[in-house]
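Q: Please arrange chain B on chain A, whose structure you already have, making use of the hints.
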Amino acid sequence: SQQGEEDPQALSIQEGENATMNCSYKTSINNLQWYRQNSGRGLVHLILIRSNEREKHSGRLRVTLDTSKKSSSLLITASRAADTASYFCATDAESGGSNYKLTFGKGTLLTVNP
Amino acid sequence: DSGVTQTPKHLITATGQRVTLRCSPRSGDLSVYWYQQSLDQGLQFLIQYYNGEERAKGNILERFSAQQFPDLHSELNLSSLELGDSALYFCASSVGPAGDGDTQYFGPGTRLTVL
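Protein chains in written order, with our numbering: chain A, 598 to 711; chain B, 39 to 153.
If we strip away everything but chain A, and leave its shape as in the complex, we get (with noise of 0.2 Å):
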């Protein structure tokens, strides 16, 4: 099963609103990333936060993470039509020994109306 559910499943907004979109994963965690993909093309890393910290900014994006409730959010301010794409979230566990693998959620389908 999948260790990171994105909510909503897709969102639909116009441009200049705000887009928030939830991740909820199950174990624990080193670190949480928030990865981007334009249809049929490779993601794109776009932001990484680690256990012990609580809110991360980059740009137009702003991460938190609660880990007493094993949830990450995604915000998009100021959202542009070229920020339509999936986003998807993606979680490091151990797969056996002192190795890890990401898992990476479904998605959220982000839809920026002009």
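Because the hints were derived from the structure by calculation, they are not lab data.
Just so it is clear, CB atoms sit at the ideal spot from N, CA and C, and this is done for glycine as well.
Where hints are given, some of them may not hold.
Stated by the list, open to error - Here are a few chain B residues that sit away from chain A, every Cβ distance over 10 Å (derived from the structure):
| no. | residue |
| --- | --- |
| 1 | 40 |
| 2 | 55 |
| 3 | 58 |
| 4 | 89 |
| 5 | 96 |
| 6 | 99 |
| 7 | 100 |
| 8 | 101 |
| 9 | 117 |
| 10 | 122 |
| 11 | 133 |
Claimed, not checked - Below, a list of computed lysine-lysine pairs in the DSS-like style, where the Cα atoms sit at most 30 Å apart:
| no. | chain 1 | residue 1 | chain 2 | residue 2 |
| --- | --- | --- | --- | --- |
| 12 | A | 623 | A | 703 |
| 13 | A | 703 | B | 95 |
| 14 | A | 703 | A | 666 |
| 15 | A | 667 | B | 95 |
| 16 | A | 703 | B | 47 |
| 17 | B | 95 | A | 623 |
| 18 | B | 95 | B | 47 |
| 19 | B | 95 | A | 666 |
A: Chain B only, in chain A's frame:
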């Protein structure tokens, strides 16, 4: 452009066949990861190599195998292909092994269609 290259971009083949997907990591990256993305399963981690050695294994079928060569490029071999293997296959690379927060840089993917 992430710096990760994948070939070919598209591959169309028939059931029962065998194909090889190729990935060149970013310059300086030692880790290579393979992922499969399909509509029903989402993005699934398959396998990771670090400096030539298998490092972590995910949901990789026995019909699939991979390796990382001394020049750090990697190949994913898919054999006895089935219709359900049709998917986008991504390669990603990072400097070190995952677990210390390395950013993974994704290639553009290979779209495999099995007819």
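Q: So residue 117 (chain B) supposedly isn't at the interface. Is its beta-carbon more than 10 Å from every beta-carbon in chain A?
A: Holds: least Cβ distance 23 Å, greater than 10 Å.
Q: Residue 96 (chain B): least C-beta distance to chain A exceeds 10 Å?
A: Violated, since 6 Å does not exceed 10 Å.
Q: Taken at face value, is the distance from the CA of residue 623 (chain A) to the CA of residue 95 (chain B) at most 30 Å?
A: Given pair residue 95 (chain B), residue 623 (chain A) holds - Cα atoms ~20 Å apart, limit 30 Å.
Q: May I ask you to check that residue 99 (chain B) keeps its beta-carbon over 10 Å from the closest beta-carbon of chain A?
A: holds, 16 Å
Q: Are residue 703 (chain A) and residue 47 (chain B) close enough, with their CA atoms no more than 30 Å apart?
A: With Cα atoms ~23 Å apart, residue 703 (chain A) and residue 47 (chain B) stay inside 30 Å; holds.
Q: Mind checking the alpha carbons of residue 703 (chain A) and residue 666 (chain A) for me, to see if they're no more than 30 Å apart?
A: holds, 19 Å
Q: Determine whether the non-interface label on residue 133 (chain B) survives the test: each CB of chain A must be over 10 Å from its CB.
A: The claim stands: residue 133 (chain B) keeps its Cβ more than 10 Å from every Cβ of chain A (closest is about 13 Å).
Q: Once the closest CB in chain A is found, is it more than 10 Å from residue 100 (chain B)?
A: The claim stands: residue 100 (chain B) keeps its Cβ more than 10 Å from every Cβ of chain A (closest is about 18 Å).
Q: Does the alpha-carbon distance linking residue 667 (chain A) and residue 95 (chain B) stay inside the 30 Å limit?
A: holds, 24 Å
Q: Are all beta-carbon distances from residue 122 (chain B) to chain A longer than 10 Å?
A: Check passes; 18 Å lies beyond 10 Å.
Q: For residue 703 (chain A) and residue 95 (chain B), compute the direct alpha-carbon distance and say whether it is at most 30 Å.
A: holds, 20 Å
Q: Against chain A, does residue 89 (chain B) hold up as non-interface, every C-beta pair farther apart than 10 Å?
A: For residue 89 (chain B), whose nearest Cβ neighbour in chain A is about 13 Å away, the distance exceeds 10 Å, so it holds.
Checked against the numbered hints given earlier, this structure breaks hints 1, 5; the rest are met.
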